[in-house]
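Undergrad: So the sequence lines, in the order shown, correspond to chains A and B.
In terms of this note's numbering, the first sequence opens at residue 1 and continues consecutively.
In terms of this note's numbering, the second sequence opens at residue 1 and continues consecutively.
Careful: at least some of the hints might be erroneous.
Here are the in silico distance ranges between beta carbons for each label pair [as the list claims (entries may be wrong)]:
#1 A:S125 <-> B:Y186: 53 to 61 Å
#2 B:G188 <-> A:Q146: 41 to 49 Å
#3 B:Q131 <-> A:E314: 49 to 57 Å
#4 B:I98 <-> A:S158: 30 to 38 Å
By construction, these hints were calculated from the structure, which means they are not laboratory data.
Ideal Cβ positions, reconstructed from N, Cα and C, are used throughout, including at glycine.
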Amino acid sequence: MNKPLSPDEKQEALWQGVLSPKDPQGNPLPFQSPQAEQAYKERVLRFKQAIQMKELPDRVPVTIFPSMYPWTSSGMTVQEAMYDYDRCAAAFKKFVLDLEPDMQWGAAAPGPGKFFEILDYKLYSWPGHGVAPEHSYQCNEGEYMQADEYDALIQDPSGFFINVYLPRVFGALGGFQMLPFFPGILEMYGVAFNFIPFALPPVQNTFQALFEAGAEALKWAGVIGSVDAELATMGFPTVLGGFTKAPFDVIGDTLRGTRGVMLDIYRRPDKLLKAMEALTPLMIKMGVGAAQATGKPVIFVPLHKGADGFLSDEQFKKFYWPTLKEVILGLIEGGCVPLPAAEGYWNTRLQVIQDIPRGKTLWMIDQSDMIEVKKTLGRNACLLGNVPSSLLELGTPQEVTDYVKNLIDTVGRDGGLIICNGAFFDRARPENVKAVVETAKQYGVYR
Amino acid sequence: MSDQLVNAIADMREEEALSLVQEMVESGVDPTVILEAAREAMSIVGQRYEQGTYFLPELIMAGEILRQITETIKPQLAKAPELKRYGKVVIGTVAGDIHDIGKNIVTFMLDANGFEVLDLGVDVPPQKFVQAIQDARPQVVGLSGFLTLAFDAMKETIEAIQAAGLRDAVKIMIGGGQVNESIKEYTGADAYGRDAVAGVSLAKKWLGVQ
């Protein structure tokens with residue numbers, strides 16, 4: 001029997017996979033030129049060295065990780081980007097080729113509008129469905145899980161999602177409420193009774209919607225996936241393997257909502273803690289599984305309700321950090337590079353979150369004080385950031401250049417920095433975005 | 001008992017606070033005494049938030065306790081003869097600000113004092129205020145805000161009301177959090193009210209209610 005791979009070996013295998021890009025059938029993708037191949041490999045190495053903090057890359061890597069900017073800047077509305085997959089893909093390709101960043105993050109942000117329609121997605125409003133055509137989609141906060149449903153979630157998270165939660169957030173998945181209890185499917189005697197729901201019209205209608213939605217998702221993924229492949233052959237890699245979340249945010253964002261989770265801290269703290277413990281292995285499995293499926297190591301972890309101002313220090317240490325840390329360590333164990341995005345300000349959390357293994361994570365920093373971040377979290381983790389959205393939208397190229405130079409001088413001189421925007425942005429002056437990339441390339445050379 | 005209630009609310013002891021209110025109601029305590037205790041507790045909660053010892057869980061919890069208290073004592077007030085409706089007030093927390101504790105206290109107090117109150121909720125955009133004024137034709141508009149960003153949002157709201165040609169049709173009062181007399185000048189409001197009692201006085205004054 002083969003010795004199981006160590007976490008470092010698993011991660012290395014994923015990096016090696018990135019270095020040899022393949023098409024969806026698993027055949028090697030031919031680079032368009034030897035120059036493209038060389039540039040591709042240099043870009044991947046530059047990123048990997050910055051993250052691992054063992055040796056300095058040749059220069060500070062630079063990337064742009066936007067929200068809707070690639071589409072708004074090409075004259076499209078968000079609505080068009082969501083419904084016209086070909087135009088969505090073409091605009092994204094142009095965005096990458098115009099900027100030539102070291103890393104690109106894929107064209108999945110707008111998502112397939114038709115797919116959301118087929119399933120009657122209620123959790124979000126999107127252009128044409130509650131939001132103006134030029135605006136990004138927005139979450140409809142609510143109590144999609146009731147206060148008295150914690151035990152159901154804790155005992156069987158998957159069952160709760162299938163039978164209860166998904167029918168609430170997708171109008172077309174009502175039939176899931178009637179699905180059988182799958183762990184009850186055990187022996188020949190009586191087994192057939194479990195399958196009766198599949199004969200009933202609500203369940204059949206739900207499956208019909210699922211077939212349609214699946215086909216739409218596949219069509220969309222094929223189009224935006226082909227951009228990744230084409231960009232790779234031209235020398236532009238992506239390392240984004242998937243995403244997962246902090247257990248507190250899983251509950252606070254889309255199950256109980258902000259109001260619900262904040263009340264639960266006082267009214268049912270033990271249930272909240274137990275539910276987060278139940279979700280932790282699932283969030284690890286979600287990230288590691290995505291990295292294995294896509295062959296890419298970086299797992300994005302957007303952080304929301306741990307930011308300054310939401311919770312007290314004590315509440316953060318008790319409710320937010322322990323399970324998030326467990327998720328981060330579990331992802332590392334599975335060979336992933338976690339990419340937590342510390343949205344908003346995290347200045348009061350730095351002493352706590354710096355307690356992670358060195359050179360294994362990449363943290364996107366938004367408005368936190370970068371000097372303080374470098375002294376704490378930045379001793380152990382590579383930082384990705386933090387050109388402000390306001391500067392990108394309202395500033396001048398010179399101001400952007402000055403900002404990036406200052407970041408490199410104060411935070412990036414000994415490595416562990418990747419220049420990037422700090423928050424996801426929908427709008428910016430193109431010359432400002434260009435200035436981010438150009439400045440890092442010219443000013444960020446180590447030596 | 002009133003002090004006990006203040007502490008129970010301010011310290012987030014929900015069950016204790018609610019059972020105290022129940023006791024007070026049963027022993028015939030004037031509901032305005034209970035409201036006054038709740039108001040005092042809310043001001044302590046606000047102070048602790050400003051000092052950085054309380055955060056979002058406490059603000060939301062305090063609002064939730066207050067909501068339950070007002071529900072409990074409402075029947076006591078309903079026993080009084082049907083109040084004459086003196087006039088109409090449109091109220092809301094301005095755009096970008098989600099705090100509703102102060103606004104809810106003012107709403108309740110106005111309602112209890114005989115005003116018809118149209119509560120637009122939190123994070124209300126200027127145009128929604130304008131629309132509500134056009135539709136409901138209130139005499140008074142109340143703009144609430146806890147955060148400093150509310151200063152600009154209040155200013156923009158009042159500018160929108162002006163632009164819609166409705167400024168002279170309403171009296172506008174502002175209040176909450178860091179709002180004070182200088183913010184009244186900055187935003188162009190007619191008056192600033194320190195608390196719900198002051199808000200009620202302003203509304204009464206403007207409508208000529210004794």
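Undergrad: If a hint holds in the structure, say so; if it does not, say that too.
TA: Right, here's what the structure says about each hint:
Checked against the given bound of 53 to 61 Å, the beta carbons of S125 (chain A) and Y186 (chain B), roughly 33 Å apart, lie outside it. At roughly 44 Å, the beta carbons of G188 (chain B) and Q146 (chain A) sit within the given window of 41 to 49 Å. At roughly 43 Å, the beta carbons of Q131 (chain B) and E314 (chain A) sit outside the given window of 49 to 57 Å. Between I98 (chain B) and S158 (chain A) the beta carbons are some 33 Å apart, a value that agrees with the proposed interval 30 to 38 Å.
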